[in-house]
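Line by line, the protein sequences give chains A and B.
Residues 1 to 282 (my numbering) make up the first sequence, in order.
Residues 1 to 279 (my numbering) make up the second sequence, in order.
If you are wondering where the hints come from, they were derived from the structure by calculation, not from laboratory data.
A portion of the hints provided could be inaccurate.
Said to hold, decoys possible - Derived CB-CB ranges, DEER-like:
id: 1; chain 1: A; residue 1: E53; chain 2: B; residue 2: A181; range: 30 to 36 Å
id: 2; chain 1: B; residue 1: L216; chain 2: A; residue 2: R134; range: 44 to 50 Å
id: 3; chain 1: A; residue 1: D52; chain 2: B; residue 2: E39; range: 44 to 50 Å
id: 4; chain 1: B; residue 1: A208; chain 2: A; residue 2: R163; range: 48 to 54 Å
id: 5; chain 1: B; residue 1: A196; chain 2: A; residue 2: V251; range: 35 to 41 Å
id: 6; chain 1: A; residue 1: P274; chain 2: B; residue 2: L10; range: 17 to 23 Å
All values reported here derive from a predicted model rather than from experimental measurement.
Glycine included, each C-beta is placed from N, C-alpha and C at the ideal position.
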Amino acid sequence: MTHLGHGVGLRPSHYAWLLEHGAAGVEWFEVISENCFGAGGRPWAVLERIRDEVPLVLHGVGMGVGDARGPSDAYLARLREVIAALSPAWVSDHLCWGSVDGTWTHELLPIPYHERTLAHVCAQVDRVQGSLRRRLLLENITSYLQWQASEMTEGEFLAELVRRTGCGVLLDVNNLVVNATNLGLDPMATLEALPPGSVGQIHLAGHTRYPDGSAIDTHVGPVPDAVWAVYRAALRRFGAVPTLVEWDDEVPPIDVVLAQAARARAIEAELLAPSTPESPAP
Amino acid sequence: MSHEPPSNLLELQRFFARWVMQPQPLHRVAQEQPRHLCESVSAVVRAPDEDTALARLSIYHRMIFARLHASLAEDFPALAAVLGEQGFRALAAEFLVAHPSGGPNLRDVGRPLPGFLARLPRQRSDLAELARLEWARVHAFDARDDRPLTVALLHAAGESLPRVRLVAGTRVLEVRHDVDAVWAAADRDQTIPMAAARPGALLVWKRALVVWHRRLEPWEREPLAWLRSAASSDGVELGELCVRLAPDDDPESVARVWTRLQQWLAEGLLTVAAPGASV
Chain A
1 MTHLGHGVGL RPSHYAWLLE HGAAGVEWFE VISENCFGAG GRPWAVLERI RDEVPLVLHG
61 VGMGVGDARG PSDAYLARLR EVIAALSPAW VSDHLCWGSV DGTWTHELLP IPYHERTLAH
121 VCAQVDRVQG SLRRRLLLEN ITSYLQWQAS EMTEGEFLAE LVRRTGCGVL LDVNNLVVNA
181 TNLGLDPMAT LEALPPGSVG QIHLAGHTRY PDGSAIDTHV GPVPDAVWAV YRAALRRFGA
241 VPTLVEWDDE VPPIDVVLAQ AARARAIEAE LLAPSTPESP AP
Chain B
1 MSHEPPSNLL ELQRFFARWV MQPQPLHRVA QEQPRHLCES VSAVVRAPDE DTALARLSIY
61 HRMIFARLHA SLAEDFPALA AVLGEQGFRA LAAEFLVAHP SGGPNLRDVG RPLPGFLARL
121 PRQRSDLAEL ARLEWARVHA FDARDDRPLT VALLHAAGES LPRVRLVAGT RVLEVRHDVD
181 AVWAAADRDQ TIPMAAARPG ALLVWKRALV VWHRRLEPWE REPLAWLRSA ASSDGVELGE
241 LCVRLAPDDD PESVARVWTR LQQWLAEGLL TVAAPGASV
């Protein structure tokens, strides 16, 4: 997968600035797929303005590969139209469910990690990849609960999903840290469970910590130190991976978000620069 | 609420939805439920005890309603301002039980709200009209961005008059109250007046990514209704539209047609009809 560099999420609060100035200084944008499901409005005006200036990637929040009924044909048909219009470098969504019996929760909800669900999700990912005629990246989610029925970890589940379907992983490092805080899960165990080469993109973001010790994945504020630490570990394991900074609440001017992307770029350069051979001892 | 532990993915997801897709705080629901229903939560959710299992579900309950509420408040800001925070929150909860989100796009959640308000027997009818205005604005904003026909484009067309239609997303709303004045006060963060009786029609449309609305003037009703009824893919002859802009035999009619057409062109209401396009 092409290493696009270090991008940022396209957010409505940046639309006015982008319409005026274009996308100079941005390596790539991740666009929320469902924001493009309408026929027009400002999202499409912005995309028309920047699509020739900067690579775009589509990231969905509503596909629902873990829905018991799977993604709807209508959803996939609209996504195909958006893909045809924008030619994204790749397409991603989440390893989760979000709707049941025609009611959408608009949340990314955990599935039980066991063999029966794995078979179901594999069938849905095969269906999606066949429909979109491209590889899908699936993101590990923030979970605020674990199901009694789970028999494997999310990392083990994702690794097996990758092996059986050929899909890739969008590794959200912030989600690993939030899950570690709330559920005591080990981020390093997830990194170790995922095979090298499986991670096609990394997400970085901030979260909110509460006095009771819990954390919520709010995507607010700069990337915390704990997330940078796991990012370093991820780069050591997976090498250089296109990385994107998400900032969804109290969104600052785009320069501030770009500064976070620049920090990710610097960390990658520091960790993965070819080592200079040491001079032979005299 | 069933207390059977879910046996498959569909049942698990239904179990989850039954707990979190209702408006009451979960601890209150738990107090009202028989003991075995609460025990079923800890049989499904991994947690050291029942309270923790319910607390974990509650996180999702709060997040789901907060997100849906925020989406409605964004789409209906004037209605939210009129009702106040508590009143709007109560309305949103009642609405979401009657109309849970039926699609993947959060943008569509508020679509049934004007109709829901209109059917509420105890609700003021002006609120349903205000909601209808706000949803028409959302609809116009999300509509395809048509290139408006301008006087310059018309001159450039020369003798060959184009076929025209209304720009995508344009709507005419019949109203019985001055909800446009209420909307304007809310938009300017001013003290919001009680809606007064003022029957008429509101025109809602988009120009250059900005949504506009205004009262219809009497002369506009007939030609607009005709344009909307003829909103087919190939539009209408501009010449025929001009006839409808001043249908009488008044000697000043030609001047009046041009004035009226210029007004619509300046407002960006018309676009050149292209085959295959629809309003």
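Hints and how they fare:
no. : hint                        : in the structure
1   : A:E53 x B:A181: 30 to 36 Å  : violated, 43 Å
2   : B:L216 x A:R134: 44 to 50 Å : holds, 48 Å
3   : A:D52 x B:E39: 44 to 50 Å   : violated, 59 Å
4   : B:A208 x A:R163: 48 to 54 Å : holds, 51 Å
5   : B:A196 x A:V251: 35 to 41 Å : holds, 39 Å
6   : A:P274 x B:L10: 17 to 23 Å  : violated, 52 Å
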